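Asks: So the sequences go chain by chain: A and B.
So in the working numbering, spot 52 of the first sequence is number 52, and the numbers just go up one at a time.
So in the working numbering, spot 364 of the second sequence is number 364, and the numbers just go up one at a time.
Everything labelled a hint here was simulated from the structure, so no lab data went into it.
Since we're looking at a predicted model, the values are computed, not measured.
For each residue, glycine too, the CB sits at the ideal point set by N, CA and C.
Treat the hints with caution; some may be incorrect.
Stated by the list, open to error - Only part of the chain B face toward chain A is listed, based on derived beta-carbon distances under 7 Å: (1) 42; (2) 257; (3) 258.
Here is how the chains run, residue by residue.
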Amino acid sequence: MPNEDLPTSEPMEVLVSVSADHLTGIRELASALRDAGLEEPQVLGEAGVVTGRVADRRALAAVRSVEGVQGVEVSRTVQLPPPEADLQ
Amino acid sequence: MVDDGRGTGMGVGQVGETTGRHLVMFATDGVKDGMKALGELGVEPVRASAMGEDADREAPILFDKLGVAVVDAPPEQLMAAAGGPSDSGPILAIEPERVVYALETEPALRPWEAQDGVGGGRSADYLRGYRDAVLHLTGDLGAPAAAAEAGPAAGPIDETQTTWGLQAVKAMNSCYTGKGIRVAVLDTGFDMTHPDFAGRTLQSRSFIPGQQAQDGHGHGTHCIGTAAGSRCPATRPRYGVAVDAEIYAGKVLSNSGSGTDSQILGGINWAIQNRCVVISMSLGAPSSVGQRPSAIFEHVASRAASAGSLIIAAAGNDSARPNRVSPVSHPANCPSILAVAAVNSSLGIAPFSNRGINPGGGQIDLAGPGVDVYSSWPMPRRYRRLQGTSMATPHAAGVAALHAEADPAARGMALASRLASSAQRLTALASADVGAGLVQAP
Chain A
1 MPNEDLPTSE
11 PMEVLVSVSA
21 DHLTGIRELA
31 SALRDAGLEE
41 PQVLGEAGVV
51 TGRVADRRAL
61 AAVRSVEGVQ
71 GVEVSRTVQL
81 PPPEADLQ
Chain B
1 MVDDGRGTGM
11 GVGQVGETTG
21 RHLVMFATDG
31 VKDGMKALGE
41 LGVEPVRASA
51 MGEDADREAP
61 ILFDKLGVAV
71 VDAPPEQLMA
81 AAGGPSDSGP
91 ILAIEPERVV
101 YALETEPALR
111 PWEAQDGVGG
121 GRSADYLRGY
131 RDAVLHLTGD
141 LGAPAAAAEA
151 GPAAGPIDET
161 QTTWGLQAVK
171 AMNSCYTGKG
181 IRVAVLDTGF
191 DMTHPDFAGR
201 TLQSRSFIPG
211 QQAQDGHGHG
221 THCIGTAAGS
231 RCPATRPRYG
241 VAVDAEIYAG
251 KVLSNSGSGT
261 DSQILGGINW
271 AIQNRCVVIS
281 MSLGAPSSVG
291 QRPSAIFEHV
301 ASRAASAGSL
311 IIAAAGNDSA
321 RPNRVSPVSH
331 PANCPSILAV
341 AAVNSSLGIA
351 PFSNRGINPG
361 GGQIDLAGPG
371 VDVYSSWPMP
381 RRYRRLQGTS
391 MATPHAAGVA
401 ALHAEADPAA
411 RGMALASRLA
421 SSAQRLTALA
431 SADVGAGLVQ
441 AP
């Protein structure tokens, strides 16, 4: 992922996708993710994703290795132009 | 179902002249099997994403992202090969391709009027078959952008009653209004005090900590106006496509216009939970050449489509044509998200509109009106004109709502296929810039 190159010494907001065979147990998976270092996990059941924060790259690796995790990406930011701009 | 051109089939609007070619729509997971069935018939479409300048210009075309192939074979033969269209088989529908009109029209006659045959007679030189469109679609991939920039000269546009954008997508001519269809617009929220929306069904939710869904930026109010604004605003022109759609305003961008992937995914999750058939996202982050789409957004978009929620997103405004063209933004670059480019009132490509450059889903799918777009703006200003692929996207989302109302079976990627097959081919432009063409109301 292109966003994997970001500096990771600071806490990162991350997106965790859940594999198909773990979707029914996504809340249990969220608990396992919390144990692995995912802070304030938010379960997005319909999306099949858990979001949250990790403290550093080591926690990121721990989260990635939890069974049922399909992929982990660092959350990007989108930014609109200011309201007065003509091009949106 | 099969439409042999004699009946009114699975709606691409009015049945006019047809070309002899047929559109084959595949089921969401049926592209591979459907292609195999076509292959056994001796019909092997070229993947649009694999075409370059050396592509066989006579070959049929497969828009694999949209699950639509254009083939030159009799429908009976196609049916026999596929075992007939069905809900369970790989082929959902076969229908004749309409003749479309080139954009060159008499100066006083704008393209959308020409196609409708209103506002004057048809000029002699604009009738062309779909075959020409196919040649352009195949030939223009990778062609210089110069020709694409030169649209026909803009005539005076009459916007006293309706915006040019609504005229271009033919929202006025449609008997559909989006009634019963939920449209989520994930953006900066909405101005709940705007008088044009009094009495409308509107749900809102903020995913921005510490901020209400009330729009403190304006972008969201403008986009919602285009997708679902009123049939009878306080002052003309009318600017909304799906005037009876149920609006779900998800605030995933702050009043200063910023948002994170987490917040956007929260909004998507909410929209799926609420069974929104269309999720309009006029947002994105620039992507670099060669960048692959986000696997997680693709995972989510695919799940959304399976649940009946189609995500439509802005292609991005990072280009400065003719000097620079930039690839489709994140997350519009995902295979299961429709990327919308912007065209102007002459149906030329907007100079800022991004192009399909990257692999793995990064192509443009559709185009919408995105220059000089008049829509709602937070009070007290009330209305404003803006440009951007952000403005093109809600045009496509509103049109999607009309198609969804017209055909209850058109959900998820089946709705995407319907949008593509009914789009007006823009023969002067490259498909890398405008995909299947300008969205058209049913």
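Asks: Does the interface hint hold: is residue 257 of chain B within less than 7 Å of chain A, judged Cβ to Cβ?
Replies: holds, 3 Å
Asks: Hint check: is the beta carbon of residue 42 of chain B less than 7 Å from a beta carbon of chain A?
Replies: violated, 37 Å
Asks: Against chain A, run the beta carbon of residue 258 of chain B and see if the smallest gap drops under 7 Å.
Replies: holds, 5 Å
Hint compliance for this structure: hint 1 is the single one not met.
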